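K.L.:
Protein chains in written order, with this note's numbering: chain A, 1 to 67; chain B, 1 to 385; chain C, 1 to 265.
Since the hints were derived computationally from the structure, they do not count as laboratory data.
Values in this document were obtained by computation on a predicted structure and should not be read as measured data.
In this text, a Cβ means the ideal position worked out from N, Cα and C, and glycines have one as well.
One or more of the hints may lead you astray.
Example chain B residues on the side facing chain C (calculated, C-beta under 8 Å, incomplete) [as the list claims (entries may be wrong)]:
(1) 31
(2) 56
(3) 309
(4) 373
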Amino acid sequence: MVTVTANGKKFSVDESATIAQLLGELGWKPTQVVVEYNGRVLLRDEFHHTKLQEGDRLEIVVPVAGG
Amino acid sequence: MMRSELELVELSRWAETARADDVERALGRRHRSLVDFAALVSPTAQQPEYLEAMAQQAHALTIRHFGRVMRFFAPLYLSNECINVCRYCGFSRDNPILRVTLTLEQVEEEARYLHRQGFRHILLVAGEHPYFVSRTYLRDCVARLRTDWPSISLEVGPMETEDYRPIVEAGAEGLVVYQETYNREVYAQLHTSGPKRDFDWRLETPERAYAAGFKRLGIGALLGLAPWRADAIALADHAEFLLKRCWQAHLTISLPRLRPAAGEFHPLVRVSDRDLTQLVCALRLTFPEVGLVLSTRESPKVRDGLVPLGITMMSAGSHTEPGGYTGQGKERLHVTRGGRLIASEGEHAEEQFLIADTRSPAEVAAMLARKGYEPVWKDWDTSLN
Amino acid sequence: MTTKPQTLRIADREFRSRLIMGTGKFASGELMAAALEASGAELVTVALRRADLSGRGDKFANILEYIDAKKYVLLPNTSGARNAEEAVRLARLGRAATGSSWLKLEIHPDPQYLLPDPVETLRAAEMLVKEGFTVLPYIHADPVLAKRLEDVGCATVMPLGSPIGSARGLETRASLEIIIEQARVPVVVDAGIGAPSHAAEAMEMGADAVLVNTAIAVAADPVGMARAFRAAVEAGRLAYEIGLAPQRRYASATSPLTGFLDDAE
């Protein structure tokens, strides 16, 4: 297992889990969110092949209503 | 971006036919557009009751924005050498006139004379000549005068931004460049040889000067070269653009009317006192915060009449030839032909134009005082920065 | 002659509508979508928030489900950013989310009045323009700041009429007029517009567009209120283009100031 931080909270995931798999577990479809991964914003198709490593930092963000 | 030539032609054609309600709408507005300006320079707006209404408002606006003051300045001609051929100018290369370029010491001597008259704002004027009036010569002139002169402006041939920078760093604050006429066809007929033939290069000079750090920009048109209403509308469009584009600079507009000069050029278009008055008022109403400059080209009667209507800067006791104030440079008078100097005797170097108001600065200052204006010999100090 | 309404040009796009809509504070996504349709707006703001990671997920959390990206230009904002760096991070996320580099730059560290921080906004604007964003900065009605933002390449300036959600209208009227007079980019009055009359006043003053959110979202009938704002913006703009009637007539019998011309040649 490896531990990553997403939106400020810690999660432990399988060794070779991808971002897409993490999103699934958290109830989000890739098309619904955008992800900043270790400070860099990913393109959606990178979710599937980016493998999570120990200490990774993610911001998982969703567009919401706003003025 | 400035308006296209087509738009400006249409606007000046519209101005010729503007009706009373167009003029009244323009008069009633607090913020006036270029269309309002066109209405205010229309023949209709020259009817006495409209012209007086324009004058009343122009007077009130000028007092509110500038107060009861008149900024004084003096032109100092450095050189009457020039490589351009301009059919209306005394300095035109093809005029076999007596020419001279003052040395730095002679420039200082002329400046001291003006300083004793009370002036603190000086406008260095010179023909365009890469050798006699080089960039380093201009920078050195400014550097010499900086300590005594809080405000130094230049009216010389257009340059690149990087050429202007050392001149700004030497202490120059303002740059004046008249487009002469905004009518491209007439411009081409009048400027037949030399760098001045490039209309657009000259038009963009204020922006290049702004980029180099000049904080005062002066533009203008020589009234009489082309139909004055069309030139006025193009000039106003240029001003509107510069106010937005070069927003940290103070803009001034000058309205020189053609005067007799060497080469016997006769104005193509007549611009009456009434036309000039209308133009001054229309500019003041459309651009409340822009400085309006009146030189000694105008007669005492016209100058005194225009003082309350929007003029904010005046020269007095001017000479328009190098060495005019103290006779400096007489020993080096020459005729320049084909780039060669031919020594020549003579009373003094040729003026750029004959002046019409020969009153001394003190006399003009007294007139201003009688009209309730205070002459501002010295504005704020650039030496702070 | 009838005056054909001029289109609004921002950066490389043209818009028929001069009403920009915010999507916040609506009771539901459906209601927001209906009001958006009624408003005729073509430019729509959205915000960005951290997704809820409690595992429930939320099918309706993503507002883009309710906005047809083919019909509307999405304008993600940087609300929540407290400084330039955070705004740049949010901008990049917004670009990934909407696929467009248009951005409403708003940095308001003070949660009470949500007034924009001018220093961080100018800093962020410069960084974002360099990264290729089309920046529409929300600012206080500060004419010098507006010109500085124009100089760094912003596509518009968006001065407030009064604080966000205050519905107090154009309290910054005098400064707005100066900004409008001096601007070389479109001026959008954003924030504080509480009634259609405020929107019409902004347009009559010469503003290029208005951004409205709270006043429509919290109305008893948001769809109806959207229609009211649409009409007000169109009315105000048309009146501006026609040119308002002169305020006063004048008369002056004598001619003291131009008398000197009487014997003129």
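K.L.:
None of the hints should be skipped; say for each whether it holds.
P.N.:
Going down the list of hints, with the structure as the test:
1. 31: For residue 31 of chain B, the interface hint holds, since the closest Cβ of chain C sits about 6 Å away, which is under 8 Å.
2. 56: holds (6 Å)
3. 309: holds (6 Å)
4. 373: violated (14 Å)
In terms of the numbered hints stated before, the structure departs from hint 4 and from no other.
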